[in-house]
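Protein chains in written order, with this note's numbering: chain A, 1 to 181; chain B, 1 to 112; chain C, 1 to 143; chain D, 1 to 494.
Treat the hints as calculated values from the structure; they're not laboratory data. Warning: the hint list may mix true and false statements.
[Claimed, not checked] For lysine-lysine, the following DSSO-like pairs were computed, each having C-alpha atoms within a straight-line distance of at most 30 Å:
#  : chain 1 : residue 1 : chain 2 : residue 2
1  : C       : Lys140    : B       : Lys100
2  : B       : Lys63     : A       : Lys121
3  : A       : Lys172    : B       : Lys100
4  : A       : Lys173    : C       : Lys54
5  : A       : Lys129    : B       : Lys106
6  : C       : Lys6      : A       : Lys129
7  : A       : Lys110    : B       : Lys50
8  : C       : Lys54     : D       : Lys357
9  : A       : Lys129    : B       : Lys50
10 : C       : Lys54     : A       : Lys73
11 : A       : Lys173    : C       : Lys140
12 : B       : Lys50     : A       : Lys172
13 : C       : Lys140    : A       : Lys24
14 : B       : Lys50     : B       : Lys60
15 : D       : Lys471    : D       : Lys364
16 : A       : Lys24     : D       : Lys151
17 : B       : Lys63     : A       : Lys73
18 : D       : Lys99     : A       : Lys173
19 : B       : Lys60     : A       : Lys121
20 : A       : Lys173    : B       : Lys50
21 : B       : Lys100    : D       : Lys151
22 : A       : Lys172    : A       : Lys73
23 : D       : Lys357    : B       : Lys106
24 : D       : Lys99     : C       : Lys140
25 : A       : Lys173    : D       : Lys471
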Amino acid sequence: MFEILIIVFLVFILIAAVAAVEMKDLLSSIMALSVVGFGLVIIFIFLAAPEVVSAQLIVEMLCFVSLVVVVNKTSKTDETKLYSMREISPVSAGLFFAIIFIIFGLWGIKGLPPFGEPVMKVSSIYIQKVISEIGAKNIVTAILMDFRAFNTLIEVILLITLFVGVATILRKKGRKDAESN
Amino acid sequence: MGTLIYISSFLLFLIGLYCVVVKNNLIKIIIGIKIMGYGVCLFYIMISYKSNAIAPIVLKDAKNYTDPYPHAIIPAIMAASFAAMILMLATSIRLYEKHKTLDMSKIKELKG
Amino acid sequence: MPRVIKILTNYVIGPIITFGVYIFIFGHLLPGEGFDGGMIVASILILCIIVYGKDEMEKRISVNTAVLISVLSAIIFIIIGFVGMAGLRMEHKYFLDNFLPQGSFSHLFSGGIVPILNILVGFSVAFGFYAIFAYLSEYKTEE
Amino acid sequence: MLIFTFILLPIISALILILYERINSESGSLITFATTLINLSLSVLLLFILNGGQMVYHFGGWPAPIGISLVLDSFSLLMLFVINLVSCVSMLYSIDYIKHYDSRTKFFILNLFLIAGLNGVVLAGDIFNLYVFLEIIAFASYALIAFGLGKEDMEASIRYQVIGTIGSFFIFFGIGFLYSVTGSLDLADISKIIYQSASTNRAILFAIPFLLFGFSLKAALVPFHAWLPDAHPTAPAPVSAMLSGVVIKVSGIYGIVRIFFSVTGVSPTLLNILLYAGFISIFFGAFAALYQNDFKRILAYSSISQIGYIMLGIGIGTPLGYAGALLHILNHAAFKSLYFMVAGSVDYATGTRDIRKLGGLSKKLPVTFLASISSSLSLAGIPPFGGFFSKFIIILALVKAGKITLSILIILSFLLTLAYFLKIQGKVFLRSQNSELYPNIKEVPYSMRLAMIIMAIMCLGLGLGFPWVLKIIINSAVHIFSNGVGYGNIISGL
Numbered sequence: 001m002f003e004i005l006i007i008v009f010l011v012f013i014l015i016a017a018v019a020a021v022e023m024k025d026l027l028s029s030i031m032a033l034s035v036v037g038f039g040l041v042i043i044f045i046f047l048a049a050p051e052v053v054s055a056q057l058i059v060e061m062l063c064f065v066s067l068v069v070v071v072n073k074t075s076k077t078d079e080t081k082l083y084s085m086r087e088i089s090p091v092s093a094g095l096f097f098a099i100i101f102i103i104f105g106l107w108g109i110k111g112l113p114p115f116g117e118p119v120m121k122v123s124s125i126y127i128q129k130v131i132s133e134i135g136a137k138n139i140v141t142a143i144l145m146d147f148r149a150f151n152t153l154i155e156v157i158l159l160i161t162l163f164v165g166v167a168t169i170l171r172k173k174g175r176k177d178a179e180s181n
Numbered sequence: 001m002g003t004l005i006y007i008s009s010f011l012l013f014l015i016g017l018y019c020v021v022v023k024n025n026l027i028k029i030i031i032g033i034k035i036m037g038y039g040v041c042l043f044y045i046m047i048s049y050k051s052n053a054i055a056p057i058v059l060k061d062a063k064n065y066t067d068p069y070p071h072a073i074i075p076a077i078m079a080a081s082f083a084a085m086i087l088m089l090a091t092s093i094r095l096y097e098k099h100k101t102l103d104m105s106k107i108k109e110l111k112g
Numbered sequence: 001m002p003r004v005i006k007i008l009t010n011y012v013i014g015p016i017i018t019f020g021v022y023i024f025i026f027g028h029l030l031p032g033e034g035f036d037g038g039m040i041v042a043s044i045l046i047l048c049i050i051v052y053g054k055d056e057m058e059k060r061i062s063v064n065t066a067v068l069i070s071v072l073s074a075i076i077f078i079i080i081g082f083v084g085m086a087g088l089r090m091e092h093k094y095f096l097d098n099f100l101p102q103g104s105f106s107h108l109f110s111g112g113i114v115p116i117l118n119i120l121v122g123f124s125v126a127f128g129f130y131a132i133f134a135y136l137s138e139y140k141t142e143e
Numbered sequence: 001m002l003i004f005t006f007i008l009l010p011i012i013s014a015l016i017l018i019l020y021e022r023i024n025s026e027s028g029s030l031i032t033f034a035t036t037l038i039n040l041s042l043s044v045l046l047l048f049i050l051n052g053g054q055m056v057y058h059f060g061g062w063p064a065p066i067g068i069s070l071v072l073d074s075f076s077l078l079m080l081f082v083i084n085l086v087s088c089v090s091m092l093y094s095i096d097y098i099k100h101y102d103s104r105t106k107f108f109i110l111n112l113f114l115i116a117g118l119n120g121v122v123l124a125g126d127i128f129n130l131y132v133f134l135e136i137i138a139f140a141s142y143a144l145i146a147f148g149l150g151k152e153d154m155e156a157s158i159r160y161q162v163i164g165t166i167g168s169f170f171i172f173f174g175i176g177f178l179y180s181v182t183g184s185l186d187l188a189d190i191s192k193i194i195y196q197s198a199s200t201n202r203a204i205l206f207a208i209p210f211l212l213f214g215f216s217l218k219a220a221l222v223p224f225h226a227w228l229p230d231a232h233p234t235a236p237a238p239v240s241a242m243l244s245g246v247v248i249k250v251s252g253i254y255g256i257v258r259i260f261f262s263v264t265g266v267s268p269t270l271l272n273i274l275l276y277a278g279f280i281s282i283f284f285g286a287f288a289a290l291y292q293n294d295f296k297r298i299l300a301y302s303s304i305s306q307i308g309y310i311m312l313g314i315g316i317g318t319p320l321g322y323a324g325a326l327l328h329i330l331n332h333a334a335f336k337s338l339y340f341m342v343a344g345s346v347d348y349a350t351g352t353r354d355i356r357k358l359g360g361l362s363k364k365l366p367v368t369f370l371a372s373i374s375s376s377l378s379l380a381g382i383p384p385f386g387g388f389f390s391k392f393i394i395i396l397a398l399v400k401a402g403k404i405t406l407s408i409l410i411i412l413s414f415l416l417t418l419a420y421f422l423k424i425q426g427k428v429f430l431r432s433q434n435s436e437l438y439p440n441i442k443e444v445p446y447s448m449r450l451a452m453i454i455m456a457i458m459c460l461g462l463g464l465g466f467p468w469v470l471k472i473i474i475n476s477a478v479h480i481f482s483n484g485v486g487y488g489n490i491i492s493g494l
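Using the sequences and the accompanying hints, generate a full structural model.
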């Protein structure tokens, strides 16, 4: 019974994703995108991943807010491109490529371990070590801050590069003698 | 129904890829990239699911937990892809200010 | 912004900030992480930017101090790594090593450096996202 | 020895610069140059200490499969030397070049993060750590390309961001398959598990195209090269020198070699794909370079064709081919970054990149002309310079591998590279001074000249010191390719 609930939500999300892609008006397609995001939150609750649930919930809210802020600053008008002749060729190429990908994917996915039984080669060592040596109750935080602490440091550095990157792009003046542009 | 459920994250990834390849409007491309990100994160969490196991918080009597490894990886990648989306939005604001349009096909012709 | 939203956010700010700070302080006991707690605090600060307007928030938390806090907590993170390398416990001589005592199992001060790093990541992420959103909202396209 | 200084030193100085920026937002060039100089001298020191051996550093005291470890073997040592050489010279070059731009400290902060990411990718022993460093490189170079805030810069940056993010998601999806089959994220561990039990697993065979697609997107191989010719002309010269000299090689070719040769094991069909992808991109890049009029766009297209040579060398599959490819990585980094610096100083002196308007600069810009001679001769493969030896070895490997027709076509492609190098030299430097448009051209400042001279000497030195280079750097690096999946046993043995 449990997996059927997950499948229902997955189908629901796929429909919302297709809607987000095909809608003409930008604001309504952002709305459909946040439907996909919050549907994903429910699936993560089913898949017993508490940290990822809170992360996805907040990222989805912030993403919705920032998209709406930016669309207000730029073109609120909907996407201008109708399905002209020029549009048909990339659409058909995209669909053909997607069908090959799906067939190859169906063949390849058989090699993965079945849905309920993950290969927990390193994680089982983590679970024993957390109880004996570290004493933190939350295994995920113990992994993040002790076993793979260098990786968390690099994630923080990654976020700081992005903050500096956004600061450089949104600053007032770029090139002094803007001769060509 | 062993491994068929992974196809859903794969389809989500393809829908995002299709949107990025085909659509011309910049905001639509950013939405397509966001959907690709959701597809990949969904795939990681589906790998780590273990049937009738509890969340990776150590309890006295609990015996088997779901795989905590991807749970440590995914929130950082979500924060990074959200910040990357803001970088893209910042560039598209500047682009809109210079080109007065968000349609990539028009921007390409302008450059000549 | 209409007044009713301003009044509502006055009431909402307190509990949500404590909730976010609670998540990344008790991150090693309950299902919270540095990134999640930081983003909760960031989301409430971003709500203040939208509701109170940017110049009002600039007086309370300016963008420069936000960047300063997020960079300082990253530097402290690296310093803790080097302290671990100094080898307080003889056999451990590696960068980012867990040198603090293990502490009792399910109490606040357990798990060595895990809670400290959690708090640092929380601060860095919270004020970083606040700074990034302040840049985004203060940018006026010259019509 | 402390390998992690290559990553932590740039990060610490970048964080200090962010704090320092509040006081003076135009400084920061000296700290950056000092950091890259320290890194360069450290990597040269390691070149002599570590001839052929491996070095592993475990973080936090946890052994390999549990904690994160940095792995330094001779192939990553070669890449480390290339990264730190090009970044040191381009930082020296940008001390004066950056005067045209506003808020300069941000430029140096982003460059330091870029260098930390590059060193991180080369040293990463953990596949997820490698992906995070790839993202640092990508995000730092998105902002650096858009540093000029011009109309073209924004468009080039948004196009590179879209394509780069797609490449990153493909790589991340491939890593997901590797993790779900093997259960661990450590490179040595994965290669051991795959070698023992899962080498014919369907999921691994399904993951390989994802990873190949992602890395070739980042290496700008032919079907996915769309972002490169737009990204380079608009970026500041030291950034485009770093981009085409180093970033493409590290995030593209190093990823392909490390993942496919050491972890999943390489199959003959994969080698043929690399061979013909390289072959097509050689001719596509060379033909496209002939019809451009923007100085840096010609160089960008020639970067695509030179990357094709490296792919060709790897695709042959024999140790001689690997030696040729590795030597060409070294030579291409040297002469292509020098040529971008020459283009940058021509742009700095005259203000335009359109070679139709330029002419007769050899008298006005003597040092730049000297440097452009050294780099273009090395590009075209004239004997005393480095470019000749690497291309000669690739031809030799092709002939030995029995692909005679291919080697003849490659020799023809030399004429194409000769053609577009003559076009640049002729139009920009040797043609009579037709432009009274630029009356007051004066020589570029000192630090730019010094950087160009150092790189020109490096181009010549790689050619003249060829036997020493081959013995010290290349031979030990070739073993990494040949013992392939044995990487796992060696590294986890330490």
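Contradicted hints - numbers only: 5, 6, 8, 12, 15, 17, 20, 25
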